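Student: Using the sequences and the hints, build the whole thing.
Chains as they are written, first to last, in this note's numbering: chain A, 1 to 112; chain B, 1 to 154.
There may be inaccurate statements among the hints.
Said to hold, decoys possible - Examples of chain B residues toward chain A, derived with CB under 7 Å:
#, residue
1, Leu6
2, Gly10
3, Asp11
4, Arg18
5, Phe20
6, Ala22
7, Lys38
8, Gly43
9, Trp47
10, Met49
11, Arg131
12, Ala133
13, Leu135
Said to hold, decoys possible - Subject to a maximum C-alpha distance of 20 Å in a straight line, what follows is the list of computed EDC-like cross-link-like pairs (lysine to aspartate or glutamate):
#, chain 1, residue 1, chain 2, residue 2
14, B, Lys3, A, Glu52
15, A, Lys91, B, Glu82
16, B, Lys61, B, Asp113
17, B, Lys7, A, Glu87
18, B, Lys61, B, Glu9
19, A, Lys65, A, Asp83
20, B, Lys38, A, Glu52
Said to hold, decoys possible - Label pairs and their calculated CB-CB ranges:
#, chain 1, residue 1, chain 2, residue 2, range
21, B, Ile92, A, Asp13, 32 to 40 Å
22, B, Pro85, A, Ser40, 12 to 20 Å
23, A, Leu25, B, Glu55, 35 to 43 Å
24, A, Arg46, B, Asp73, 28 to 36 Å
25, A, Lys49, B, Ala129, 51 to 59 Å
26, A, Arg86, B, Glu35, 21 to 29 Å
These are calculated hints, taken from the structure and not from any lab test.
Source: prediction; values computed, not measured.
Ideal Cβ positions, reconstructed from N, Cα and C, are used throughout, including at glycine.
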Amino acid sequence: MPNLDATFQALADPTRRAILARLALGEATVMELAAPFDMSQPAVSRHLKVLEGAGLIVRRVEGTKRPCRLAPAGIAPVDEWLDMLREALTKNYERLDALLATMQPQEPKDPP
Amino acid sequence: MSKMTLKTEGDRYIIVTRRFAAPPEAVYRAHIEPELLKKWLIGPEGWSMPVCINEARPGGKIQYEWTNGKGGDFYLTGGFVELVPFSRIVHIERMHLPDPTPDNHVETTFAPDGSGTLMTMRMTLPDAATRAAMLKTGMEEGMEASYVRLEGMI
Numbered sequence: 001m002p003n004l005d006a007t008f009q010a011l012a013d014p015t016r017r018a019i020l021a022r023l024a025l026g027e028a029t030v031m032e033l034a035a036p037f038d039m040s041q042p043a044v045s046r047h048l049k050v051l052e053g054a055g056l057i058v059r060r061v062e063g064t065k066r067p068c069r070l071a072p073a074g075i076a077p078v079d080e081w082l083d084m085l086r087e088a089l090t091k092n093y094e095r096l097d098a099l100l101a102t103m104q105p106q107e108p109k110d111p112p
Numbered sequence: 001m002s003k004m005t006l007k008t009e010g011d012r013y014i015i016v017t018r019r020f021a022a023p024p025e026a027v028y029r030a031h032i033e034p035e036l037l038k039k040w041l042i043g044p045e046g047w048s049m050p051v052c053i054n055e056a057r058p059g060g061k062i063q064y065e066w067t068n069g070k071g072g073d074f075y076l077t078g079g080f081v082e083l084v085p086f087s088r089i090v091h092i093e094r095m096h097l098p099d100p101t102p103d104n105h106v107e108t109t110f111a112p113d114g115s116g117t118l119m120t121m122r123m124t125l126p127d128a129a130t131r132a133a134m135l136k137t138g139m140e141e142g143m144e145a146s147y148v149r150l151e152g153m154i
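Tutor: Below is the structure:
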C-alpha cells in the first residue's frame, strides 16, 4: 500500500500542492514548474523529490531534462476507499441523529 | 453538514469525529443496544440488519448481519475489549466478504460537548487488499442501488 505518512507529508506543503495542480494540466519540466514560483530550480527539485518519494509524481528522462507528471495511482486507491467510508458513515450518523431526537426529546417544558 | 471529520493518522489509523445533539449516555446506548443499532448502523439505502448480537461486556461477542433482501449479504464479527459506560468503547471487528478481513481495532469515545456529545472514533486503516475487497463490495451495492432506481424509472 502507499505510504500514507509520506503522502500526507507531501501534500501538507502549499508549494507542493501548487506543483501538483500545475501537473494536473500536463507534464512539465523543472524549469516550467519553477517559473510561476519565486524559487530556484534546486528548491523546486527538492519539492519534486518529496512528491516522487510519496508516489505522487513520476519522472522520465528526455535528454538532460526529467519532465514530471502526475501519478494518479499514487493516492487514488486510499482516497476512493476513504470516500466510501465517509459516505457510509455520513448516512449512518444522519439516521443516528434522527434516532437520538426520538430518544432525547426537546428540553422538557413545564407541564401544561 | 460539517458535523463530521475524517482524517488519517499516519498510515495506520483513521480518526472520525462527529457531534450529536444528545448527551453521551444516549449516544453510547445507541452504540451497544441492538434495538437501537438496527435503526441506524445499516449503510446504504435499502439495507437492513436482521441479526444484531451485541454482548456489551469485556469479552462479549459482536455479530452484525446485513442484507439488501436481494441476495446481497455480508456480516461482521468481533468482540468487546473494554467498556466504560457512557464514555468509552474499545472493540475489535472484522468483516466477512466472505473471507474475514484483518482485525479492525476500534476505540470510540463519547465526551460531553455543551448539551450534546463529541464522539471520536479511532480505527485501523485496512491494508490495500482489504480496501480493495471492501470497495468491490461497496461498488456492487452501489450498482444494485442504481438498478433499483432504474427499475423505478422504467
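Student: All hints are to be evaluated individually against the structure, with a verdict given for each.
Tutor: Against the structure, the hints:
no., hint, result
1, Leu6, "holds, 5 Å"
2, Gly10, "holds, 5 Å"
3, Asp11, "holds, 3 Å"
4, Arg18, "holds, 5 Å"
5, Phe20, "holds, 6 Å"
6, Ala22, "holds, 4 Å"
7, Lys38, "violated, 10 Å"
8, Gly43, "holds, 5 Å"
9, Trp47, "violated, 10 Å"
10, Met49, "violated, 11 Å"
11, Arg131, "holds, 4 Å"
12, Ala133, "violated, 10 Å"
13, Leu135, "holds, 6 Å"
14, Lys3(B) with Glu52(A), "violated, 34 Å"
15, Lys91(A) with Glu82(B), "violated, 27 Å"
16, Lys61(B) with Asp113(B), "violated, 30 Å"
17, Lys7(B) with Glu87(A), "holds, 14 Å"
18, Lys61(B) with Glu9(B), "violated, 28 Å"
19, Lys65(A) with Asp83(A), "violated, 37 Å"
20, Lys38(B) with Glu52(A), "violated, 46 Å"
21, Ile92(B) with Asp13(A): 32 to 40 Å, "holds, 36 Å"
22, Pro85(B) with Ser40(A): 12 to 20 Å, "violated, 60 Å"
23, Leu25(A) with Glu55(B): 35 to 43 Å, "violated, 56 Å"
24, Arg46(A) with Asp73(B): 28 to 36 Å, "violated, 52 Å"
25, Lys49(A) with Ala129(B): 51 to 59 Å, "violated, 29 Å"
26, Arg86(A) with Glu35(B): 21 to 29 Å, "holds, 27 Å"
Hints 7, 9, 10, 12, 14, 15, 16, 18, 19, 20, 22, 23, 24, 25 from the list above are not met by this structure, while the remaining hints are.
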